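K.L.:
Make a model of the complete structure from these sequences and hints.
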Amino acid sequence: MSRQESSTNEGRKFKRGDEDEDDEEDGKGREAWERTYADERSWESLQEDESGLLRPIDNKTLYHAQYRRRLRTSTTTRIQKGLIRYLYIVIDLSRAAGETDYKPSRMVVVARQVEAFIREFFDQNPLSQIGLLTLKDGVANSLTDLGGSPESHIKALMGKLTSSGDASLQNGLDLVHSHLNQMPTYGHREVLILYSSLNTCDPSDIMETIQKCKASKIRCSVIGLSAELYICKYLCQETGGSYYVAVDEHHLKELVFEHAPPPPAIAEFAIANLIKMGFPQRAAEGVISICSCHKEAKVGGGYTCPRCKARICDLPTECQICGLTLVSSPHLARSYHHLFPITPFDDVAPSVSSDPRYLAKNCFGCQQTLLNPGNMPGSRVCCPKCKQYFCLDCDIYIHESLHNCPGCESFRHSKSNGTVEG
Amino acid sequence: MTPVSSKLYTDDVSLLVVLIDTNPFFWNSVKSNLPFSKFISHVLAFLNSILLVNQQNQVVVLATGHNSCDYVFDSSVAQSQNQRAEHLLQKLEEFVDKDESLCREESVDGQGFSLLSGSLSMALCYIQRVFRSGPLHPHPRILCLHGSPDGPGQYVAIMNSIFSAQRSMVPIDACVIGTQHSAFLQQASYITGGVYLKPQLLDGLFQYLSTVFATDLHSRAFLQLPKPAGVDFRASCFCHKNTIDMGYICSVCLSIFCKHQKKCSTCGSVFGQAQAQDSSTPPNPNPKRKTPMDA
Ligand SMILES: [Zn+2]
Ligand SMILES: [Zn+2]
Ligand SMILES: [Zn+2]
Ligand SMILES: [Zn+2]
Ligand SMILES: [Zn+2]
Ligand SMILES: [Zn+2]
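Respectively, the protein sequence lines represent chains Z and R. With UniProt numbering applied, the first sequence has no gaps in its numbers, which climb one by one up to 422 at the end. With UniProt numbering applied, the second sequence has no gaps in its numbers, which climb one by one up to 295 at the end.
Accuracy of the hints is not assured; some may be wrong.
Here are the simulated SDA-like cross-link-like pairs (lysine to any residue), alpha carbons at most 20 Å apart as the crow flies [said to hold, decoys possible]: (1) Z:LYS103 x Z:HIS250; (2) Z:LYS276 x R:PHE257; (3) Z:LYS276 x R:CYS239; (4) R:LYS227 x Z:THR304; (5) Z:LYS298 x R:GLY230; (6) R:LYS241 x Z:SER328; (7) Z:LYS276 x R:HIS240; (8) Z:LYS309 x R:MET246; (9) R:LYS263 x R:MET246; (10) Z:LYS233 x Z:ASP205; (11) Z:LYS309 x R:ILE244.
Label-pair restraints from in silico Cβ distances [as the list claims (entries may be wrong)]: (12) R:PHE25 x Z:LYS298: 39 to 49 Å; (13) Z:LYS160 x R:GLN56: 46 to 56 Å; (14) Z:THR343 x R:LYS241: 16 to 26 Å.
Hints were generated in silico from the structure; no laboratory data involved. The structure displayed is predicted, hence computed values, not measured ones. Even for Gly, the Cβ is constructed at its ideal location relative to N, Cα and C.
P.N.:
See below:
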């Protein structure tokens, strides 16, 4: 299955594609000329029929059936996700993080996974913010404040990779608590701790700190790199988080990435709220202006606050002058297809479609012929709303990437319209 | 599809999908400036030049109508070279007549705009088919020759198309021939890495088309193409389909509303009263968060 998907173009070419990123590693180790053959796998698309002749396998219907199964399981319960999250990532940089059971060392592996995670996180949670914290020499240090720009976090993280001393879970939680407690209540407050040590070296009673976090509705999760610790397990149980110990790098990646999709919005944890936001316009390239965030004159780029007209360098942010939350509207729009999913298309039974006069010859989307060799109607699907016919490939593309029905979008009176294209 | 794997595509072979705005309401309003017939003759010359510059180039033309969208031309379908233009014109005329005949009822959602979301979706389906045809295929791009104002009701559908084009790395170019800028097309070119242009003098349309939009994607990197004169990032509210630059966002599903609501009409969440409705004046503003991150 994954083989076919890698030869359809989308998955491989575009790494940020959220739906289809099955196997990017697949073709990496090969030479370019080898890849052409390996990707095509022409020998696999042949099968022998009863008389011993070679003929192409009808893969399409197979993949289509698989896609149908995916569609059935995924269309329900997509809504109601708390999409505004405030997440602190706490990285243990104590002596234990220097150990080399992970190659080249635990902290390098952790940093690598956190980097990938930060990018994925902002793709899936456009309005959320991340902050970074390190545990080292018995104290907790704030690496970055909560913010929405992936690059600044990654830069800060990569600059500080040395390990020493002990880790203090309590100091870390205290610092996180002091930051997160000030965040608005409509957001989810979360902590993700990547813990290498087998002990914690705390100044006072950590149980009190855990209760404090629980009271502030901070969901704490821990991913251990060595062995299970009772105190971590207790922390996660009390605050509703998850606790796992990674066995190897691959497992670690899986565990970290489990925190990227938004958690279900439990009313207890976040209150639904209506937030006032502005959608700034991007200024023309080459225009010189002074930004309000760095107080510097800059050429080109930049956005203008719609309320006070101040210039800002980057989105999302809060206007320095009037305090309005500013976001880029396409950032919000990325998740809208979850809100307005298009109805699954109906299979058209071959028996119904036996009258060739009555049926469209071409797929409405891509114009591919819908006739099998011999002018017999081939497999096709039909949109229940606009009654247009589509090929199976378009069906998959429309539901998994495009999220628009071309038929419904291209008729103004789609309800009363049952036209069949000739 | 023709057996493409047998052809040798180099990196400068293009598949150009052109979306022509045929909205009669728009063309009536600009009659004096650039009549439709003159516009089409500019476009035909441009399409011919694309096909002549490299014989493997492929051109597909879609008509974006007021009530419908359809394919009107595909250069990969066998036809004699001399009759290309006649073929296109004939299909276009049929399309315009049909589009007009669909226009009996008074439309509810205003009539100024054309169905750009439909033709964009169809173009992307066509491009996916070319991607499926094998590892070697011409490099696709979309060119919107658009004049009608944006239809705010198409906001979600157009954004969906833009993101799908971005994921497939298909640039959307836009040449706006109307009087106003198009916020949809500005965002489309900005997000997909295409070129957005609003020509000053429509008499020279062919010149604009051939200097800005004719080069293949590979050669584009070496050109000084027009820089975007700003991008209009305004969105449409879900309640009235108004275009707004400030609004209220549901924290659960991110729906946009132009006015304050008690309950989200999209996801049904009831909004808590505990917080002040306007996040711009929080009850206890935290001075620490206001300092820039890298200061
Ligand atoms: Zn600045
Ligand atoms: Zn402002
Ligand atoms: Zn199709
Ligand atoms: Zn439909
Ligand atoms: Zn509204
Ligand atoms: Zn909502």
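K.L.:
Run every hint past the structure and note whether it holds.
P.N.:
For each hint, the structure was consulted:
| no. | hint | in the structure |
| --- | --- | --- |
| 1 | Z:LYS103 x Z:HIS250 | holds, 12 Å |
| 2 | Z:LYS276 x R:PHE257 | holds, 9 Å |
| 3 | Z:LYS276 x R:CYS239 | holds, 15 Å |
| 4 | R:LYS227 x Z:THR304 | holds, 18 Å |
| 5 | Z:LYS298 x R:GLY230 | holds, 15 Å |
| 6 | R:LYS241 x Z:SER328 | holds, 18 Å |
| 7 | Z:LYS276 x R:HIS240 | holds, 17 Å |
| 8 | Z:LYS309 x R:MET246 | holds, 12 Å |
| 9 | R:LYS263 x R:MET246 | holds, 19 Å |
| 10 | Z:LYS233 x Z:ASP205 | holds, 16 Å |
| 11 | Z:LYS309 x R:ILE244 | holds, 15 Å |
| 12 | R:PHE25 x Z:LYS298: 39 to 49 Å | holds, 42 Å |
| 13 | Z:LYS160 x R:GLN56: 46 to 56 Å | holds, 53 Å |
| 14 | Z:THR343 x R:LYS241: 16 to 26 Å | holds, 21 Å |
Hint compliance for this structure: no hint is broken.
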